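Engineer: Below are the chains, spelled out letter by letter.
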Amino acid sequence: MRTTTDPGMVLVVDDDLDLVDAMEMVLQMGKCRVTRAPSGKCALEALGKVAVGEAERPCLVLLDLMLPDIRGEEVYRNMQELPAVGGAIPVVVMSAMVDGAVRARSLGLPFLPKPFEIDDLLRVVQRHCRGDLVPPET
Amino acid sequence: MAHPVDQSSGEGAPPPESADRAAGDPFAPLSDRFMRAICDHVAHPIFVKDREYRFVFVNRALCEMVGHSAEDLIGRTDYDFFPREQADFFREKDRQMFESGVPVVIDEEPITDASGRRHVLATTKVPLRDETGRATHLVGIIHDISDLKRAEEEQRKANLELADALERLRQRNASLHQLDQLKTEFLANISHEFRTPLTLSLAPLEEMLEEPRSASDHQRMQLVHKNSMRLLNLVNNLLDFARIESGHLEPTFVPVPISDLTRQLSASFELALSKKGIRYEFRDELAPGTVAYVDPEVWQKIIFNLLGNALKYTQHGRVGVRVRRAPGDAEAIAVSIEDTGIGMPEAELSRVFDRFHRVKEGRSYTYEGMGIGLSLVAEGVRLHGGTVHVKSELGAGSVFTVTIPLGSAHLPQGRIRTHQLEGLWRDGPRKGDILVPSPYPAQEAVGADATPAATRQPLLLVVDDNQDMRDYLQQILKSEAQVLTARDGLEGLEQARRLLPDLVISDVMMPNLDGFELCQRLKAEESTAHVPVLLITARADLPERVRGLQSGADDYILKPFNPAELQARVRLQLRLHAARQQLRDHAAVLERTLDEKSRALRHSHEELSTILAHLAEGVLVVSPKGELTLVNHAAIALTGISTGTIDEWAAQVELSTEEGERLEGDSLPMRRALAGETLLGVEMRLVNASTRQPAWVLLSAVPLKGERAQGAVCTLHDISRLKESERLKDEFLSVASHELRTPLGSLQLLSGVVRSHLADTALAPTVLPLVERQQRLIQRLNRLINDILDVSRLKLGKLSINPRSVELGAIVREAVERARGTIGIRHELVVSMGAEMMVHADPDRVDQILGNLLANACKYSPAGTVVEVATRGHDGMAHITVRDSGPGIPVELHERIFERFYQVEASMGRAFGGLGLGLYISRELATAQGGQIWVESVPEHGSTFHFTLPLSNG
Chain A
1 MRTTTDPGMV LVVDDDLDLV DAMEMVLQMG KCRVTRAPSG KCALEALGKV AVGEAERPCL
61 VLLDLMLPDI RGEEVYRNMQ ELPAVGGAIP VVVMSAMVDG AVRARSLGLP FLPKPFEIDD
121 LLRVVQRHCR GDLVPPET
Chain W
1001 MAHPVDQSSG EGAPPPESAD RAAGDPFAPL SDRFMRAICD HVAHPIFVKD REYRFVFVNR
1061 ALCEMVGHSA EDLIGRTDYD FFPREQADFF REKDRQMFES GVPVVIDEEP ITDASGRRHV
1121 LATTKVPLRD ETGRATHLVG IIHDISDLKR AEEEQRKANL ELADALERLR QRNASLHQLD
1181 QLKTEFLANI SHEFRTPLTL SLAPLEEMLE EPRSASDHQR MQLVHKNSMR LLNLVNNLLD
1241 FARIESGHLE PTFVPVPISD LTRQLSASFE LALSKKGIRY EFRDELAPGT VAYVDPEVWQ
1301 KIIFNLLGNA LKYTQHGRVG VRVRRAPGDA EAIAVSIEDT GIGMPEAELS RVFDRFHRVK
1361 EGRSYTYEGM GIGLSLVAEG VRLHGGTVHV KSELGAGSVF TVTIPLGSAH LPQGRIRTHQ
1421 LEGLWRDGPR KGDILVPSPY PAQEAVGADA TPAATRQPLL LVVDDNQDMR DYLQQILKSE
1481 AQVLTARDGL EGLEQARRLL PDLVISDVMM PNLDGFELCQ RLKAEESTAH VPVLLITARA
1541 DLPERVRGLQ SGADDYILKP FNPAELQARV RLQLRLHAAR QQLRDHAAVL ERTLDEKSRA
1601 LRHSHEELST ILAHLAEGVL VVSPKGELTL VNHAAIALTG ISTGTIDEWA AQVELSTEEG
1661 ERLEGDSLPM RRALAGETLL GVEMRLVNAS TRQPAWVLLS AVPLKGERAQ GAVCTLHDIS
1721 RLKESERLKD EFLSVASHEL RTPLGSLQLL SGVVRSHLAD TALAPTVLPL VERQQRLIQR
1781 LNRLINDILD VSRLKLGKLS INPRSVELGA IVREAVERAR GTIGIRHELV VSMGAEMMVH
1841 ADPDRVDQIL GNLLANACKY SPAGTVVEVA TRGHDGMAHI TVRDSGPGIP VELHERIFER
1901 FYQVEASMGR AFGGLGLGLY ISRELATAQG GQIWVESVPE HGSTFHFTLP LSNG
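If you're matching them up, the sequences are chains A and W in order. Using the working numbering, the first residue of the first sequence is number 1, and each one after it goes up by one. Using the working numbering, the first residue of the second sequence is number 1001, and each one after it goes up by one.
Quick caveat, the hints were computed from the structure, so don't treat them as lab data. Quick caveat, the model's predicted, so the values are computed rather than measured. We put the CB at the ideal spot given by N, CA and C, even for glycine. Among the clues, some could well be false.
Which stretches of chain W does chain A cover? Using the computed rule of at least three CB atoms under 8 Å from a CB of chain A, they are [unchecked claim]: (1) 1743 to 1749; (2) 1752 to 1766.
What the simulated footprint calls covered on chain A by chain W, stretch by stretch (three residues with Cβ under 8 Å from a Cβ of chain W suffice, anywhere in the stretch; the number is not a length) [unchecked claim]: (3) 13 to 19; (4) 25 to 31; (5) 90 to 104; (6) 112 to 125.
Could you build all of it, start to finish, from the sequences and the hints given here?
Structural biologist: Pasting the structure below:
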């Protein structure tokens, strides 16, 4: 798990703090930085800043569908309106919902069903972010 | 002029045509001679004239006709032989023929021949032409039609005479017929006129005879009575005679025990005979129960007349009646009436049955007759197809023997009734039918037969225009009932309406309204229709009786009547009336019962309404016109609408299908039901018109079938709550899955983190296996949650399967790859892929099936063994197998393992975990995608799970 370059930052949009903590631990093992957005509103705020160049641009958005304020779909649709964000930042849908896969497919996005293994998570991140992120040895 | 006309004689003969022909004709001389010979032998006169109208040829017949020889005739014209006028006529006709050149036919020409005889001729005049076609001669052929004309004339005269004679005959016939009718009517009227006063005098007389009187009075009265009866007898005979004459005697033959009938009829004379000191004998020599077809009335006439004669002409000794098989004819019966009376001379015997014949030689003419009695007997017997004979010896007695055939084949079929009408022949003799010197013998019997009428005094209405008759009727009937009277039909009708009597006794012939009309009017009115009517008629002929019955009369009695008979009939009618009344009462009771039943029905209808009202199900009844005719409480509560048309209803409740399609017009379920369709339990959505609350209903619409179109009934089963609970369950499932999975996800990740942190530490050898075990348990928990969710969704039919065309290999490889890192970590997973195949399937679901099969394979086979996954295409299906080296599954369980919650072995299950849902879900998923799943296994030799998926067409 050694890396020479910064593999980038991942925006995790999820309100489950336990999960986000665990995800952050895993991603940190891969030297990824994590920005948290515990609500849809927070996520759109953060991405709004990215759009105007006030914040770092994430290499991936991990988007949960069930958020405390607005639905994941709405977050996705709204971020598509943002310049330099819409269509420019890859999004992967996470969900523990029964119909998660269907909803992800209807958005045309890749799906990471919850619960997921470390490898599943790392594989997804690896596919979208820079750097030679290596899965931890098992 | 007896010789043939010589061909050479006279100028101009033979005719030019023959001469011309002769030149080239080898038979010319011969044919000329021939022709002449033929002409001379023809009976028709023939002549030939030239253009100057001179005879150039005549045959013998012509010569004979005109009376001149050929020599005289040839070269002459008609003017030389016929009167000028006639000659002018012939010349005109000849000229016509020459001018027109066509044959002329004279139909009829009268001529006078040489001898002055007149003939009628029909002549045909034909032209003879030369080679230029010009008519040079005229041939005349004459038919003498004098004889024919004469014959015609005679025929015509004969026909005229015949027609004349026929006309005269017809007229005579008609007047005879008229006379006959007049006579019959006259007789009938006489009978009427005679019988009424006779009845009026006889009846009180009979009553007087009953009362104690001095012997001389009694004797005188008996004399009056006897002579009255004699008069009555004459009238009756006249009447019968009139009936036969007018052809109104139409017999009706019924099968009767002939001995019994004859015995009863004869018995009527027993009393009269014994009073005269004559011994009466009845001998029945027939087999018991022998049945013969007779008209009882006619038969009575026969027996009464014969016995009446016997009584009349016998002063002492015996009168016997003998019934037996006819001697010499087994198919006939013979009834003999034998007396030891005065007898008849031999010479009279052949004429006794003639009408109006009376035996001249007789010592006693005490009882005169009119001489029609025996002719009536003969006529009556003839009606029965039988014969009557008499043997007699003057001074020794007579034997009359009536023979009639048995059976009914000899009788007119239309006049046979097979059922004996009860009572038809039991009434005994009619008053005056016979001469009986004592009061009517059957009186007691009839009286005894009668039973007292109802305890309530019945009410009788007597309608008669004759004051005497009214009084008399009132007097004889007052013992039977309370009697009221009316003076004519109109008064009778009025009183009957007002009093509703138990019986109306009415005369037929009355002013204003006659008995028939009164009867008809009474029967036509509802209030009086049940009142029985007894008609008294003097007109004894049959058509009148039929009219009496057609008018609805319940009974009729002939004038003159015996008071006892009238009393009996009145009693009978009163009894019948009482019985009918009882029936009516009974009917009323029935009606009341019916009323109660219909009340019960109404009650049950009310019950039904109550049920409807309290039914949780909404019920709407729709008329054929589409109007709501019944809306129960539940329906109103559900829809907020209680009346209107179904269109209005549907518009207000915004009825729509599950898919959200608004329904209106012909697509409305009620309209479809009205059109005969039946919809059952269709899920629909509606909005309560008053509360605007949406509701889900299961809607059924059924046509109401009946004798006529009765509309439709529509039921609404509110499933809103069900839908709500379904939605809640769905939501619960989502939440549950989410809520369970979310911490599990964290746990899983954290456990991974712990594991990776441990990897390089000293604790690794001891702690790492525990962490790994923890991870496996988390996975198991995860699978369990997934399985439970899937089963729930399967049960709800909510498991979404989205098949599309996908490449099978990629799915298999991915599934196996994932298994390698997790469940199959201790096994060798081998993939043996066939050719690349596109299947029509949901990749997620295929992955799920494979995951389950791989998990099972790994779970049940020892660590380190091979689990092989193979694919191949076969018969339009992709065929996937997962083979393990486990303990195998006994064949009897091959199906059961696919059942829900079944586990191969409980102990095994506990060891390896799982609720046995995997195979159940796999089968459901495979089937839902058009595939199949099954297992092949031999214990100790591992198991192979197969599943198929349809290959994609594209």
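Engineer: For each hint, tell me whether it holds in the structure or not.
Structural biologist: Structure-based check of all given hints:
no.: 1; hint: 1743 to 1749; result: holds (count 7)
no.: 2; hint: 1752 to 1766; result: holds (count 5)
no.: 3; hint: 13 to 19; result: holds (count 3)
no.: 4; hint: 25 to 31; result: holds (count 3)
no.: 5; hint: 90 to 104; result: holds (count 7)
no.: 6; hint: 112 to 125; result: holds (count 7)
Checked against the numbered hints above, the structure breaks none of them.
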